[in-house]
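A.B. asks: The opening residue of the sequence shown carries number 172 in my numbering; numbering runs sequentially from there.
It is possible that part of the hints are untrue.
Stated by the list, open to error - As a list, the in silico DSS-like pairs of lysine-lysine whose alpha-carbon atoms are at most 25 Å apart: (1) Lys557 <-> Lys467; (2) Lys947 <-> Lys994; (3) Lys441 <-> Lys557; (4) Lys650 <-> Lys557; (5) Lys557 <-> Lys820.
Source of the hints: derived by calculation from the structure; they are not laboratory data.
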Amino acid sequence: MNTRISFKKTLLALAIVTACQQQAIAEDVEGDSNIEVISVTGVRGSLAKSSDIKQEAHSLVDSIASEELGRFPDDNVADSLSHIAGITVSRTRGGEAQYVNIRGLGPEFSVVTLNNRILATDDGGRNFAFDVLPSEMISGANVWKSVQAKNIEGSIGGAVDLKSARAFDNPGQHGFLSATADYNDLSEDTGKKFNGIYSNTFADDTVGFIIGVTHAEGTKRTDEMYDNYTFGVNDGLSYDVNKDGEITDDETNLVIPGSYALGVYSTEFKRTGITSSFEWKLSDRFELVADVMLTKLEADATGYSQSFYMVDESSAQDRLSNIVLDGNVVTAMDIADVSMELVTLDEHRTVDTSLFGLNGTYFATDNLTLKGDIYKSRSERDSGGKNTYVVAGSPGTHTGHYELNSGGLPDYVANWTEGRSSDDFGNDDFSPHWAARDGSDIEDTVTGYSFDGELLLDYEYMSKIEFGAAYTQRDKTNKAYDNYELGACNYCGYPFTFGEVGADVTRAFPYDNFFDGDSANIPRSFPIFSIPDYAAGLAASDGQTLTDYLGNVRTFGANESSLWNPIYNPVNSYDITENTTAIYVQADFAGDEWFANVGLRWIDTQVTSKYAYNSIESIDIVNPDAANPSWDVTYSDSASQEASGSYRKLLPAVNVGYYLSDDLLLRGAVAQSLSRPTLDQLAPLTTDNAQSGLFTMDISGNPAIEPVYSDQADMSLEWYFEPGGVLAGAIFWKSLDGFITSNTTQVSIAGETFLVTQPINGDTAEVLGAEISLQKFFENGFGVTASYAYTDTSTKVDGVDAGPLVGVSDNSYSLSLIYEKDKISSQIALDYSGDYVTDSYSPLGDDYQTSMDEQYFVTASVNYDITENFTVFLEGQNLLNESNMTFQGRDDMPGNIQLYGRTFNFGMRATF
């Protein structure tokens, strides 16, 4: 006799290692009538259910679930996924989890679906950003770690299928209301969130309806070192360090800081979502489900920063003294006549995401089930020309001392002229400089049709055959608007001060806790300025003849400030269309102690890419003797381009399980899979820093990019030592062919040497890893879930070893301690992600990379039931005040540092 666990609603919807109640998995475990039912409630029941479903599934699957209507384990779905073995997350400014990495591979190697439907995205590629999706709208998520032929193709790391709540999941009338207030100790702001769900079934449970509404708003803040540009060995900079009139070999190819910027970035957000479904059992043989999801994210960000430009490739670098070298790395120096620049930026991200679907199930006979599904998903981002990045500078106003520190921010000590501080500077000191406006309107539309069939068989070892076909059409347009060519650098070189034209621009720094907790000697405040008043200052110069700080005279046109307005930029725009047809067949086998499924999936993909291209024709330095010179860059007219491509592939998949004993299950899986290029990797959008004299160029795409193909194998051993308890270990291997990586080369353009970065298909890559997880509960109410994953990767480009895969962490683990008894339910969880390479480039040379530092993310929660239907709770996130930090090959050479503080939530929820 088999034993199955059934469940009632739990107060704490946890599933740290594995959990789920998904239909696709449930189909694997239905139909066994010889089952003893044991009723278990609470967290113990939730995790017992997860282990039961994991055991019965016929592939390698880990999951999470919301056991209580409207309540997910974390505020963000990606944070909940990070508790699963082998899954880590990447975070945005503000610390919110945005993308998931599965088994060491980044989000570009995974597919995220909702109810087995592809979700449209608001970024330039395919990667689904979890921050647009309120967690209250999701009832669960499957993570498919091994491949089945019947599942949507496109993932090598793993596939994530999110599930929305349905009324038939919990028949009868149910309701849920919650209110939450949150406080962040860095932004010192209080946010709020409201959530309500109503569900009911009618007509003898043949009709079901559910609707959920959620709204959240607040402020997220990040203190950031975002521009620490360093000249590297390949730049060939030399300097007479000891001032003896000669440059020795030790004074050539120096690694030397070029610029340093510290700032604060604050985002005011509103996130609203509506989800609903209508289910109708028209007869015993026919069911219909119509569902809709609508979300809107409004995230308006403002940033202020202070920048110091210390070294460039012009003769102005003679301002250096007291240089300290560690090998060829400049670790400290004094800089004379440094220009202070202030940056104010506004970024607007408004995203509307929708998904409409209709699904029908027809039980043609007792053995044959047919399903059809139609859906349309759409994401629109309204940001075209609405972002602003403006710079004001005060040239040669101080001398500075720059010094590297191990593991954190470098020191920067400014000695201002006339005994002033940066806060004393005002409109008469600052001049306009770089003034950019940009942003893209992005529309992504996915339309899908699928037909699936399941035929039960009465053979001794073959239990059923599954078959089906799917057609998906995806169209993504990116319309970019900017003023790069005509207006962004029209005021470069500090042509006048704002005071000269009567503009009131500067304001006091609005924060008193800038980079709190970091011991570096840095400026803790600086002036900021208003973008509308900055624009008024540019307009005030129209028609005037003005003299800059070097004595150069310039007459401005009567309407010259109109060049500041953004215009459509075809060179940074594209239109990608992708059509995919898929056909699959899968046979399921089973014996007394084993099961297996074997299948083939054939895919045919057609891609068309439309874009435009221009080239740099000339580069001329405008003011070579200035403390911060600028360059006049001339571009050719843009020319429209179109590229087409196609690929076809037959993808086999095999999953096998064998019971070594009643509670010990051995699994194995082999498959071929693919991961498509992100959509923006198919269009070569080009940006460069020529106007600033840094001479770097980034080409985001390459029309010749092909999918990454993978041969992969998995093996796991799972010990279900007690109801709800499991100890599992797994090993996995993936051999990638044509993996996509960034390639940086030196290219001569218009007489200057550029570092040009562009994605290419590498030769090969291998991923070898292991996972182990434990789930155990005790009779006293305590429990523990733990997991650890190790991933080792290697790559080759042009047959030469090229180091590890970018974005892959070697080590990650998760540990949760849980207590639930009587009216109290609580947990504390630690998620660790080891360091990983973020960029194959480092200023130190080809043998080094830029890497993200390791992270420890701790969350905790306590729930208390005042009554059976009313609960109060307290939650904390990032309790260790962790930050994002990248280092460029040495622990004293940071590339980027982000601090975003701790967040505390207090709320209440009611059910009826």
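A.B. asks: Taking the hints in turn, state whether each one holds.
C.D. replies: We went through each hint and held it up to the structure:
About 18 Å separates the Cα atoms of Lys557 and Lys467, which keeps this hinted pair within 25 Å; it holds. Simply put, Lys947 and Lys994 have alpha-carbon atoms about 21 Å apart, close enough for the 25 Å limit, and the pair holds. A threshold of 25 Å between alpha carbons decides the hint, and for Lys441 with Lys557 the separation of about 18 Å falls inside it, so the pair holds. Using a Cα cut-off of 25 Å, the hinted pair Lys650 and Lys557 holds, with the two alpha carbons roughly 12 Å apart.
The straight-line distance between the Cα atoms of Lys557 and Lys820 is roughly 42 Å, outside the 25 Å bound, and the hint therefore fails.
Hint compliance for this structure: hint 5 alone is broken.
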